[in-house]
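Engineer: Now for the letters of each chain:
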Amino acid sequence: MSSRLPTGGRVDRSAPLRFTFDGVEYPGLSGDTLASALIANGVLTVGPSLYRERPRGVVTAGVDDPHALVQLERPQNEPMQLATTVELCDGLVATGLQGRGRLEEEPDEALFDKTYLHTDVLVVGAGPAGLAAALAAGRSGARVVLVDDQPELGGALLGGREEIDGRPGPAWVAEVRAELETQPETRVLTRATAIGYHDRNYVLVAERRPDRPGGGGRLWHLRARQVVLATGAHERPLVFAGNDRPGVMAAAAVRTYLGRYAVLPGRRAVVFTTGDSAYATALELAAAGAVVPALVDTRPEPPAALVEAARAAGIEVLAGSAVVGTEGEERLTGVRVSALTDDGQLTGAVQELACDLLAVSGGWSPAVHLWSMARGTVRYDEALAAFVPDRAAQDVRTAGSARGRHDLAGCLTEGLTAGAEAATAAGFPVEVPATPSCTGDEPPAAPRPVWLVPGESGDPSTWRDHFVDTQRDATVADVHRAVRAGMRSVEHIKRYTTIGTAHDQGKSCGVAAIGVIAQLLGARSPGEVGTTTYRGPYVPVSFALLAGRERGPLFDPVRTTPVHPWHVRRGAVFENVGQWHRPRYYPRPGEDMDAAVLRECRAAREGVAMMDASTLGKIDVIGPDAGVFLDRLYTNGFAKLPVGSARYGVMCRADGMVFDDGVTVRLAPDHYYLTTTTGNAAAVLDWMEEWLQTEWPELRVSCTSVTEQWTTVAVVGPRSREVLAALAPGLDVSNEAFPFMTVRHTELANGLPARICRISFSGELSYEVNVAGWYGLALWEAVLAYGAHAGITPYGTETMHVLRAEKGYPIVGQDTDGTVTPQDLGMSWIVARHKDFVGRRSFARADTSRVDRKHLVGLLPVDRAELLPEGAQLVAPGTDVTAVPAESLGHVTSSYRSAALGRTFALALVRGGRDRIGDTVLAPLPDGRTVAATVTEPVLFDPKGTRRDG
Amino acid sequence: MLLIACPWCGERDETEFHYGGQAHVAYPPDPEALTDAEWGEYLFVRANPKGEFAERWVHGAGCRRWFNVVRHTVTHDITAVYAAGQQPEDRNGVTA
Numbered sequence: 001m002s003s004r005l006p007t008g009g010r011v012d013r014s015a016p017l018r019f020t021f022d023g024v025e026y027p028g029l030s031g032d033t034l035a036s037a038l039i040a041n042g043v044l045t046v047g048p049s050l051y052r053e054r055p056r057g058v059v060t061a062g063v064d065d066p067h068a069l070v071q072l073e074r075p076q077n078e079p080m081q082l083a084t085t086v087e088l089c090d091g092l093v094a095t096g097l098q099g100r101g102r103l104e105e106e107p108d109e110a111l112f113d114k115t116y117l118h119t120d121v122l123v124v125g126a127g128p129a130g131l132a133a134a135l136a137a138g139r140s141g142a143r144v145v146l147v148d149d150q151p152e153l154g155g156a157l158l159g160g161r162e163e164i165d166g167r168p169g170p171a172w173v174a175e176v177r178a179e180l181e182t183q184p185e186t187r188v189l190t191r192a193t194a195i196g197y198h199d200r201n202y203v204l205v206a207e208r209r210p211d212r213p214g215g216g217g218r219l220w221h222l223r224a225r226q227v228v229l230a231t232g233a234h235e236r237p238l239v240f241a242g243n244d245r246p247g248v249m250a251a252a253a254v255r256t257y258l259g260r261y262a263v264l265p266g267r268r269a270v271v272f273t274t275g276d277s278a279y280a281t282a283l284e285l286a287a288a289g290a291v292v293p294a295l296v297d298t299r300p301e302p303p304a305a306l307v308e309a310a311r312a313a314g315i316e317v318l319a320g321s322a323v324v325g326t327e328g329e330e331r332l333t334g335v336r337v338s339a340l341t342d343d344g345q346l347t348g349a350v351q352e353l354a355c356d357l358l359a360v361s362g363g364w365s366p367a368v369h370l371w372s373m374a375r376g377t378v379r380y381d382e383a384l385a386a387f388v389p390d391r392a393a394q395d396v397r398t399a400g401s402a403r404g405r406h407d408l409a410g411c412l413t414e415g416l417t418a419g420a421e422a423a424t425a426a427g428f429p430v431e432v433p434a435t436p437s438c439t440g441d442e443p444p445a446a447p448r449p450v451w452l453v454p455g456e457s458g459d460p461s462t463w464r465d466h467f468v469d470t471q472r473d474a475t476v477a478d479v480h481r482a483v484r485a486g487m488r489s490v491e492h493i494k495r496y497t498t499i500g501t502a503h504d505q506g507k508s509c510g511v512a513a514i515g516v517i518a519q520l521l522g523a524r525s526p527g528e529v530g531t532t533t534y535r536g537p538y539v540p541v542s543f544a545l546l547a548g549r550e551r552g553p554l555f556d557p558v559r560t561t562p563v564h565p566w567h568v569r570r571g572a573v574f575e576n577v578g579q580w581h582r583p584r585y586y587p588r589p590g591e592d593m594d595a596a597v598l599r600e601c602r603a604a605r606e607g608v609a610m611m612d613a614s615t616l617g618k619i620d621v622i623g624p625d626a627g628v629f630l631d632r633l634y635t636n637g638f639a640k641l642p643v644g645s646a647r648y649g650v651m652c653r654a655d656g657m658v659f660d661d662g663v664t665v666r667l668a669p670d671h672y673y674l675t676t677t678t679g680n681a682a683a684v685l686d687w688m689e690e691w692l693q694t695e696w697p698e699l700r701v702s703c704t705s706v707t708e709q710w711t712t713v714a715v716v717g718p719r720s721r722e723v724l725a726a727l728a729p730g731l732d733v734s735n736e737a738f739p740f741m742t743v744r745h746t747e748l749a750n751g752l753p754a755r756i757c758r759i760s761f762s763g764e765l766s767y768e769v770n771v772a773g774w775y776g777l778a779l780w781e782a783v784l785a786y787g788a789h790a791g792i793t794p795y796g797t798e799t800m801h802v803l804r805a806e807k808g809y810p811i812v813g814q815d816t817d818g819t820v821t822p823q824d825l826g827m828s829w830i831v832a833r834h835k836d837f838v839g840r841r842s843f844a845r846a847d848t849s850r851v852d853r854k855h856l857v858g859l860l861p862v863d864r865a866e867l868l869p870e871g872a873q874l875v876a877p878g879t880d881v882t883a884v885p886a887e888s889l890g891h892v893t894s895s896y897r898s899a900a901l902g903r904t905f906a907l908a909l910v911r912g913g914r915d916r917i918g919d920t921v922l923a924p925l926p927d928g929r930t931v932a933a934t935v936t937e938p939v940l941f942d943p944k945g946t947r948r949d950g
Numbered sequence: 001m002l003l004i005a006c007p008w009c010g011e012r013d014e015t016e017f018h019y020g021g022q023a024h025v026a027y028p029p030d031p032e033a034l035t036d037a038e039w040g041e042y043l044f045v046r047a048n049p050k051g052e053f054a055e056r057w058v059h060g061a062g063c064r065r066w067f068n069v070v071r072h073t074v075t076h077d078i079t080a081v082y083a084a085g086q087q088p089e090d091r092n093g094v095t096a
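Protein sequences, first through last, are from chains Y and W. Position one of the first sequence corresponds to residue 1 (UniProt numbering), numbered consecutively onward. Position one of the second sequence corresponds to residue 1 (UniProt numbering), numbered consecutively onward.
No lab work stands behind these hints: they were computed from the structure. No experiment lies behind these values; they were computed from the predicted model shown. Heads up, the beta-carbon is just placed ideally off N, CA and C, and yes, glycines get one too. Among the hints, erroneous ones may be present.
[To be verified] Between beta-carbon pairs, the in silico distance windows are: (1) W/49 to Y/592: 53 to 61 Å; (2) W/49 to Y/869: 45 to 53 Å; (3) W/88 to Y/165: 40 to 48 Å; (4) W/61 to Y/643: 54 to 62 Å; (5) Y/445 to W/61: 31 to 39 Å.
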């Protein structure tokens, strides 16, 4: 049975659509929401309630609906959509939800994007007040952005019967829209919901784009000089027994369904109100052909003109009364009405009225969400019975029903004024336009709020069908229990009862709940209780929208070296080091990581191997005071480093903890070339800048990142010298001419100019060859070619780690964690005695000079094949590991299999570790086994360093 | 999202900046002359006022310059921006 009215509405009768809900196909019209199309087909019930499985129906016509949750399956899969905000399209498929949706496992292919925009005036909401504000502001020539969450501008005017300048509301809307379109600096966004209001008028707007293939949307980041909030108001529900039954709807929503969508939600309707606005609903229901047996008004003396108009339409007005109960199973079949005493108690006989629709108006709550997110305060207005905006905390104004103004002329005047004032304040002075004449929406008389309609029997502790938050199935009995438990703060009661925590975050029930709490606490008004905190987002938004294009490969920048294409071709297995994609190892057919790494390590120790070391952070430190500067940052000295020489250095934070390490080369008296840990390059540059700018501005030094300007290939192993000799025929590579820790410049055999450092991170004879970044691949291929006769073997980061760990070289950030001093690492030798440097004073602090600090030591598992997991905790023998907490000595920081040692080994931070050399420690593992290991010096391979120096 | 007026680049979004903590905590000229308690004070102790607070920011995604800001820790209102090395009272010479 169709509930579609034969005429009227904003729907397009020439554009019929088909859609499917809960497996049944229905007709609809272009311009429908899913909810209006369902109601047109007589379907009001959407899904059972979350906990009590009570039938629930559509209540409102917008974002504040508490029940109409659906899983959208077509045109795209979206969980937890509101039927009242889903625009109908042909072929749409949806199912009703019981409070929770299901996330599609397939990636969302819709296009989501972000846009950043500055504007002079932002107007949120395109009802009469917002349109007026945008119009007035736009006439100033200021940049204006108007956003509204509906597909069409106009707000309540779209479904109302008001007239402006003698024409229907929608005609005025069209005229305003036409003028806005002629303003070159005005931008209008529809289907765009302002979801967050942040510091300094930074407003996030979520725009839906259902017109695009596959849907999607845009997240607008707007920064506005001035903001006008014309966000309207939400109609409140009323709390009475059985107020959750399908067929109980918000009165203004009923009017919207009638006027905007031309659907009649019920044939026989009772209206229940605390104020004037629902009279229009009653009259329009009657005019649309519904029987309206009664209008129940809590006020003992409603305005005479309204009562007269209702009676003229055949509607009986039951003044000073309330609905006290409902009947029906899947759908409302009747209501029970009782008179109210002055203090809100029930009196007299209960009257039963048959009906299939109850249109409820519990008053209006200004939508102060964005206002409050902007840290504006609200106050309770007793006359309006509502929380209204009070003091602004940013450059923001409110207009219309968002500040409690409900008559059309008042909304227009406030909108025009706010828009003109906002433009003027933004530097675009403009007069306030005159308010057009309007009819059909007069200033309302005072409401009589009733926060809790008493039950016909029992007391609040038993009122389990008086629903306060239908989404959470939370009732007056639940609030009563919270109050009885001693809670007084609305924030506590919210959390105890979960009221306002479901998908609409209290848009529908929030203030009604505060009213119930006030009543049960015996407070004079909801103003004494206050509101909970409003937090963004105003409506739920998908992670896909927040992510925009920043997903998959664009989630975070991926950095690769110029040699990367070769690594890919060679089948390298990559690992992420910071943003860098680095080859971890190069497996040959049939090799796993262990086999590949053992092979690569053997090549480096026994023959020659090569690695792409380009990701190493590189900083040019240039200026007459560069040496002095480095002396102040490194624990050891650099001012006296000879030109052409290199030195390893450690940097500490002021607290004495190791921050970074690396080799620095002196290229000229005023030019140092400094290297950092791969993942720490940006932090080290920032650190240097901070000291230069904030503490030592007198130093004549500049620091420049040159990480990507150089490609670095390490040539490593006993046969590296012969490879280098072939690669750099013009260079004397003898140990005497090119000793350890020096740098040479030469031209390679292929003509590339190169900077070659003889340094070693492996303990082997080794050279790091640097060329300009864009020649990187040519360098790599040249090294490969000139090393081919020696069987040169590319190796990745895993082999690099094994080689350096065998030598006891720590990796900052892996073997240290911000609580480790150079002395803890066994590097007292690198800490200068006769100069100050950042961190030095801290070494004398009591905690830093303790002898039982954790030291970096080596560990040899007693079982030579046992590989300790990195991160494993270590305890002394005899420790009760079942005790909580068990006493830990430290943990494993690095652990590998060694080809050179023919066994596994590890590095670890162990309390007093250097005094435990030769002792056994135990590693209790999560699998229940306990592994024994012997503490050793950290340098396990070639402790004298003869290989490196040869 | 704060809008911070970098003295060199003008107003930019907060995301372009890094926070640097309390301003005007100078590195002691002679750390060795300090007691452990005094050194600990420099290392670890910072003011945490409810109200105006002079703090350091660096325009990391812009000019990379450090500068000082007076920000109200409750309202986030920024009432002064001045160059590193200046004191809040002599900020008048700074473009803000």
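Engineer: Does the hinted range 53 to 61 Å hold for residue 49 of chain W and residue 592 of chain Y at CB?
Structural biologist: holds (58 Å)
Engineer: State, for the Cβ atoms of residue 445 of chain Y and residue 61 of chain W, whether the hinted interval 31 to 39 Å holds or is violated.
Structural biologist: Cβ of residue 445 of chain Y to Cβ of residue 61 of chain W: about 57 Å, so the range 31 to 39 Å is violated.
Engineer: So the hint says 54 to 62 Å: do the beta-carbon atoms of residue 61 of chain W and residue 643 of chain Y match that?
Structural biologist: Violated - the Cβ-Cβ distance for residue 61 of chain W and residue 643 of chain Y, about 35 Å, lies outside 54 to 62 Å.
Engineer: A range of 40 to 48 Å was offered for this pair. Does it hold for the Cβ distance of residue 88 of chain W and residue 165 of chain Y?
Structural biologist: violated (56 Å)
Engineer: Would you say the C-beta atoms of residue 49 of chain W and residue 869 of chain Y sit inside 45 to 53 Å of each other?
Structural biologist: holds (46 Å)
Hint check: violations occur at hints 3, 4, 5; the rest are consistent with the structure.
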